[in-house]
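Please model the entire structure based on the sequences and the hints provided.
Protein chains in written order, with the working numbering: chain P, 14 to 253; chain D, 36 to 405.
If you are wondering where the hints come from, they were derived from the structure by calculation, not from laboratory data. As the structure is a prediction and not an experimental result, all values here were calculated from the model. There may be inaccurate statements among the hints.
25 Å max Cα-Cα, derived BS3-like pairs, lysine-lysine [claimed, not checked]: (1) K116(P) / K134(P); (2) K134(P) / K386(D); (3) K386(D) / K132(P); (4) K84(D) / K146(D).
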Amino acid sequence: MATAAETPGYRRIYVWEFPVRLYHWVNAICVVLLAATGFLIGSPIAIVHSTEAYQQYWFGIVRFTHFVTAFIFFFNFLVRIYWGFAGNRYARWDRFIPTSGAKVKEIFEVLRVDILQMKLKGRLWIGHNALAGLIYFLTFFVFLFQSITGFALYSSMSSSFLPGLFAWIVPVMGGDFAVRQWHHVFMWFFVVFAIIHVYLVFYHDYVEGRGTTSSMVGGWKFERRDVLDERVGHNDHRDR
Amino acid sequence: MEKMPSLWQAMEQKGYSRREFLQFCSFAAALAGIEASGIGSVVEAFETKHRPPVVWLHFQECTCCSESFIRSSHPIVADVLLDTLSLDYSETLQAAAGHQAEKCLRDTMTKYAGEYILLVEGSVPMLDDGIYCTIGGRSANDILQETAKDAAAIIAWGSCASNGCIQSADPNPTNATPIHKLVDKPVINVPGCPPIADVMTGVVTHILVFGRIPELDSQGRPKEFYGRRVHDTCYRRPYYDAGMFVEAWDDEKARKGFCLYKMGCRGPVTYNACSVTRWNEGTSYPIQSGHGCIGCSENNFWDNGPFYRHLASFPGFGIESTADRVGTAVGIAAAAGVAAHAITTNIRKRKLIDETMDESAEAKRKGGDA
Ligand code: HEM
Ligand code: SF4
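Next comes the structure, spelled out in structure tokens:
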């Protein structure tokens, strides 16, 4: 470990390419909008400012927003899956799946060092660590689940092609009611995810001081030059 | 083989005029969704085709389907289907009883093998060899299998026969099972508790006129009657889109007839024709009478309580817990966990954070551009 006296200087690394950043923020906005409008659809607040139904349409607009956002959310998600095969090493699909025993060990290390804090220092990774990757992987399944159930519900109010592709889930789940119930339940996943996700970004930035938060804006993270010089290329992590 | 009279012959015998017969034909055509130019073929079908014999079985049910059926809105429909189209075997409506009735069933089955329409009302208990529902000493499943074998078409009346309904409510003590899970022939599901009388006659009419079963959806329901949600044609729908909801049963909004969504209306997740055909000769339907739809034609509606919320209570957390309540609790727990973690970090990782600070201070002191 470097001592203060031999501070080695830092170098920028371009981690998150533009498509990844764009995906991230489009997704973030969509999820917030979908959860907010979805919650309103589930529990509409009492807004009545007119005497006749034809004079107001706020609930229709909320639902419309939900549906339009849903389409953007869905296609944005597809683009990200594509980028998992086309993007740089930090964006690649294998970042999200613990494919080796080493990755599994990594997960336990992150749990011990960052979550339970049983150990104070551990390795640092430039892209996602293995635990984060796995959580994002599971999150993709929830995206998929929300898309399938959402479009299945939508198929009863739309004659367009895409929603029709998902109508099969309705009999599988035992009817629109069940689909809707679970679609609603999984909204809470996004709320809980958002709380923990945003916190952990701040946490890593605070403890590690490598520009984690801003990396999703500009794409840059910072790493000690000496560490990079010797390690990058074969193993993109460093010991603290 | 002895043939049944045609519908027209039967009606004539009962003293109906030609005019009434033609009226009936156009009514039946409309019910079956046939366009006006096709009425001729309906007339012809009813004049020439021998009406098929009908066997109507009753298993675990409350007879509300039969009750509904005899209230078809067109008097002739009811009359024809019940008297003229005499139900050859129906425990509720037949005149015969006991051995006589059993013989009736046997006769119909042998005489018209491959021709009769089998209508089933009620679910079949499968637990303990079906001991919970026996007729003439035989289990419901036994009777069903035997009658289904030579049936030309099978219609499952109501939610019991289509989905299991109340008898199959958790924990389903008799293992009440819907018909389509027991026979390996196509079954027309006509769910509802009960189904709408005019839908029932419409389905039978379709088979009579076309000689084949109507187009079914993925849950075996005739598309013509179950293709749309109650919500899609509900006359309160403008209030839904406007966001004008009844908030309490006795509020001003209830009196004005606002949308019942917040009172638990299941119209948005229920496929049925209530808001189109309505009930009792088109008089009304639950929502028109001021009560939300409880989704009685949907699978599992009996376990999806409470009926006065549009989503069910959250499974495994007691009757009063909604997904939102559980979700809020989990959300608060997450926020609390995160706060606790932040505090722990500042204590446990103090040394590490200080080291980083020192590193920075050192660099600054040296004037380097680290
Ligand atoms: C982040 C993802 C999403 C979240 C958090 C979310 C959340 C919700 C919630 C909470 C509801 C209200 C359910 C209720 O209480 O009845 C809802 C309804 C609905 N959502 Fe989503 N949703 C998401 C994605 C989607 C997608 C991708 C679609 C696809 C079209 C979709 C389509 C629908 C539809 C059709 C409804 C029913 C609306 C109605 O009948 O008025 N949702 N959503
Ligand atoms: S009353 Fe029920 S079915 Fe009618 S618009 Fe409202 S939610 Fe839909």
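Taking the hints in turn, this is what the structure says about them:
| no. | hint | result |
| --- | --- | --- |
| 1 | K116(P) / K134(P) | holds (18 Å) |
| 2 | K134(P) / K386(D) | holds (10 Å) |
| 3 | K386(D) / K132(P) | holds (12 Å) |
| 4 | K84(D) / K146(D) | holds (17 Å) |
When held up to the earlier numbered hints, the structure conflicts with none and fits them all.
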